[in-house]
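Chains as they are written, first to last, in our numbering: chain A, 1 to 277; chain B, 1 to 312; chain C, 1 to 363.
No lab work stands behind these hints: they were computed from the structure.
Certain hints may be false.
[As the list claims (entries may be wrong)] Simulated pairs of lysine-lysine, BS3-like, Cα-Cα distance not exceeding 25 Å:
1) Lys167/A - Lys130/C
2) Lys153/C - Lys107/C
3) Lys130/C - Lys107/C
4) Lys120/C - Lys101/C
5) Lys178/C - Lys153/C
6) Lys120/C - Lys107/C
7) Lys101/C - Lys167/A
8) Lys101/C - Lys130/C
9) Lys32/A - Lys157/B
10) Lys167/A - Lys104/A
11) Lys120/C - Lys130/C
12) Lys120/C - Lys167/A
Source: prediction; values computed, not measured.
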Amino acid sequence: MELHGKWSWALHYFLLAVFVIFALFPLFWLLKVSITPNDLLYGEGVRLWPSRSTFEHYASVIAHSQFPLFFRNSVIVAATTAIFSTLLATAAGYGFSRFQFRGKYWIVGLMLVTQMFPLVMIIAPIFRLLKPLGLTNSLTGLVIVYTAFNVPFASFLMQSFFDAIPKDLEEAAMLDGANRFAAFRRIIVPLTLPGLAATLGFVFTAAWSELLFALMLNSSSATSTFPVGLLAFVSKFSVDFGQMMAAGVLALLPVCIFFVFIQRYLVQGLTAGAVKG
Amino acid sequence: MTAQARPMQRRAIWRRAYWRRTALAAEPYLYTLPSVLLLCAVMLVPLVIGLTYAFHDVRLLDPMSGDFIGLEHFRELYADPAFWNALRNTVTWTVASVTLQFGLGLILALLLNRLFPGRALVQLLVFLPWAIPSFLSGLNWAWLFNPVVGPLPYWLKALGVMAAADNLLSHPRHALWGPIIANVWWGIPFFAITLLAALQSIPVDIYEAAAIDGAGPWVRFRRITLPFLAPTMAITILLRTVWIANFADLIVIMTKGGPADSTQILSSYIFTQAFQRLDFGYASAVATVLLALLLAYAMALMVLRAVLMRRS
Amino acid sequence: MAAIRIHDLCKSYGDSEVLRSINLDIEDGEFVVLVGPSGCGKSTLLRLIAGLEAITSGEIRIGDRVINDLAPKDRDVAMVFQSYALYPHMTVRENMSFSLKLRGMSKNRIDAAVQAAAEKLEIQGLMERKPRALSGGQRQRVAMGRAMVREPKAFLFDEPLSNLDARLREQMRYEIRKLQRDLGTTSIYVTHDQIEAMTMADRIVAMHAGIAQQIGTPADLYDNPANLFVAGFIGAPAMNFLDATLVPEPQTPGNASLSRVMVGRERLGTIQHTQAVRQDGRVTVGIRPERIVVGAPSSSLATQIDLLEPTGLGTVLHLRLAGQRIKVFTTERLEVGVKDAVSIAIVSSDLLLFDPDSGVRLR
């Protein structure tokens with residue numbers, strides 16, 4: 001869309017600046033408080049940058065608190081969930097993309113329904129189901145639950161990536177001597193590496209941020225994930241903002257790094273999914 | 001081939017054909033079954049169980065509970081002012097969040113649709129909030145609103161919006177706006193990305209033809225951009241509405257539903273009932289009502305869609 | 001290399017019949033072209049032979065084996081796709097080696113086979129490139145190479161030249177046909193372009209609406225079309241079809257009838273036919289544009305020029321005869337313009353009669 005004129009560009013850049021500031025300010029503030037030493041915290045509250053900066057909060061968080069443990073738990077849960085979800089979603093997405101079969105609409109419908117109802121509804125039953133199985137207070141239990149939550153969206157995402165690959169390629173491979181699964185493994189999957197990366201990223205981010213089920217299913221700090229740990233920390237030490245903010249910045253780092261790398265693919269993935277409706 | 005051998009050969013061929021046909025028919029199920037089984041086990045079964053809890057007295061702290069009590073919970077919630085408040089709040093929360101997210105997201109998408117130097121970087125920066133885990137976004141904004149460490153109370157006072165520099169989140173009447181703003185901050189990128197993708201799929205020729213025909217930018221926006229966006233917009237908004245109505249995390253983190261249950265929405269109310277009071281029965285009853293409302297919403301949409309399609 | 005026998009083959013998707021009772025016997029080493037407009041079923045037929053779709057009823061044999069229920073990988077046929085379907089993430093060499101690797105052949109033998117095929121196709125210099133770095137013609141050759149290395153019983157071509165420009169198509173037609181002759185592999189080639197069919201085929205199967213309308217050599221289809229569809233599809237510029245009436249002439253001895261072919265009040269010629277004609281004498285008469293002679297002596301037909309299309313080789317004249325349009329193709333250079341009157345002559349034996357409703361050729 002072409003808009004002409006210097007005024008329109010001035011407005012354009014102004015609005016963009018507003019958006020950028022709005023987007024980055026909270027994160028900036030988080031960073032700012034995290035490096036403000038305790039003695040300046042309350043006095044210099046509203047300054048845009050502390051007169052003295054320090055990394056002591058980070059040091060305490062990493063060395064003296066349980067955050068490394070929470071961090072580790074979250075990484076394990078999120079990564080494992082991402083891998084399992086992507087595996088299941090790749091298979092299901094391929095099934096949706098390449099086949100027309102009788103149960104298809106039921107299965108797709110099932111996946112859509114699970115995305116629509118409030119997850120809080122099943123928080124109680126899942127708790128009561130997992131407790132006797134010993135899967136509460138356990139990372140495994142979380143992985144199972146999170147995988148189920150993420151598989152539908154991941155499947156639709158993978159489906160749209162598979163849809164972009166022409167069916168000729170499998171047919172050529174099947175004539176060359178492969179059965180369908182071999183064609184899938186050797187030809188199709190290597191071509192969807194961007195899609196796999198996007199799906200892994202999506203699921204990792206979703207699992208990393210999940211709060212309510214982690215809170216509900218978990219009462220021991222040994223198996224707390226980061227969100228739960230951070231929340232507990234917040235209510236326990238509700239005055240030590242410096243440390244809390246430092247912990248917050250640390251929580252941001254993995255997902256921000258992930259995001260910077262796969263941002264391109266995220267847009268692609270949502271494009272493929274959303275435009276299809 | 002003797003006359004006797006032929007029927008046997010034919011049966012062998014028929015059997016092989018049968019197996020191959022069955023294998024071919026079963027293939028799609030093999031690919032999709034693992035996911036389906038997991039979903040049924042972890043989501044469908046608990047859903048059904050959860051629905052039954054609504055009709056039973058289920059309290060985690062009381063090992064003797066579990067009796068069938070019929071519609072008792074529903075009578076309880078009918079008389080519960082917190083429930084009705086939560087219902088009202090759900091509407092406010094959803095409408096405000098979706099409107100702001102969509103409106104601002106659209107503006108952002110339009111801005112990003114023009115080519116300018118540094119666009120890739122700007123895009124990365126404005127989409128960053130989406131990568132932030134929601135709990136962190138909630139905490140972050142809670143701290144921003146906190147007069148002890150955050151600047152917002154002072155700025156709001158300076159702008160005349162607030163009388164004194166206190167925490168917005170402790171004012172029962174306006175506290176809900178805290179989570180709404182956090183939600184908007186977090187949710188703009190999603191709409192912006194979706195709308196940007198849709199905008200970029202509009203073929204350029206159409207704009208060029210319109211420009212040649214003499215259409216100015218506003219006309220082009222109204223007559224080309226909006227109609228093209230409409231289907232994507234509609235679906236995205238509708239799905240997002242449901243998702244946001246169910247999204248309790250920010251409220252649980254920022255206000256825990258308080259002060260005095262004033263910022264509860266239905267899903268956060270369900271959570272606090274289940275998590276804090278450990279009254280699974282009542283929580284499930286409220287959840288059932290929420291589910292019924294969502295189903296009604298979905299059905300209204302289907303009817304609307306059918307009416308619109310018949311009209312066109 | 002083997003003969004392919006197709007017997008009573010039918011294919012339906014749900015209620016819609018896409019192929020009806022196809023019978024075709026292809027000899028070992030033959031190059032058969034399936035030609036027809038979009039939707040006629042030619043690609044479906046090819047895919048049934050390849051095993052990419054399931055047969056509804058009927059039988060396909062390759063060699064002596066009934067292959068109805070064999071998976072594509074077990075049928076030992078190779079296919080060249082319209083889009084070439086080259087594996088984008090593999091080099092040309094890997095593309096060509098893939099099928100042999102699946103078979104478990106030793107690396108040396110694979111390399112030798114790939115090298116031989118590459119030399120034949122003159123693509124040795126492209127071996128380490130990926131498909132996206134190749135031109136259309138080069139990709140075509142790689143697709144052929146991939147098929148060749150397998151030494152299959154048959155080659156199946158699915159409109160391989162549709163994505164190339166006209167010049168390249170001409171070139172590739174020659175190369176494909178020459179290659180096939182050298183290798184001697186039975187080939188089935190699908191196209192919608194009748195020129196490809198005519199220039200490349202040993203035999204043509206003209207298809208329309210799921211039925212094989214006529215099977216024969218190019219000359220058969222050109223000289224002796226079985227119905228209106230084949231007559232109009234084969235040959236360019238297309239055959240003229242005029243609404244005419246047959247007026248019986250006095251009887252000749254024997255079972256044949258002699259009739260005058262009348263278009264309006266113009267007499268096109270006299271034709272002998274054994275089949276009975278409709279009561280009202282209505283026929284569709286066909287005459288090829290290149291068969292009509294322009295500027296003949298006075299006892300010929302008077303026409304008026306509507307449009308001239310010079311093609312370099314000759315000129316297509318669009319004429320009006322008794323209110324109907326008729327095209328003439330002549331290689332003579334004529335000094336004529338639009339709205340000029342021109343006289344044409346037609347040899348009676350060049351006239352073909354068709355039933356105006358069913359399209360069947362009347363002999």
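Hint by hint, here is what the structure shows:
1. Lys167/A - Lys130/C: This hinted pair holds, its Cα atoms lying about 19 Å apart.
2. Lys153/C - Lys107/C: Holds, because 23 Å separates the two Cα atoms, which is no more than 25 Å.
3. Lys130/C - Lys107/C: holds (20 Å)
4. Lys120/C - Lys101/C: Distance of about 21 Å is within 25 Å: holds.
5. Lys178/C - Lys153/C: holds (18 Å)
6. Lys120/C - Lys107/C: It holds: about 20 Å lies between the C-alpha atoms, which stays within 25 Å.
7. Lys101/C - Lys167/A: holds (22 Å)
8. Lys101/C - Lys130/C: holds (18 Å)
9. Lys32/A - Lys157/B: holds (22 Å)
10. Lys167/A - Lys104/A: Judged against 25 Å, a Cα distance of about 19 Å means the pair holds.
11. Lys120/C - Lys130/C: Status holds; Cα separation ~20 Å.
12. Lys120/C - Lys167/A: violated (29 Å)
Taken one by one, the earlier hints fail for this structure only at number 12.
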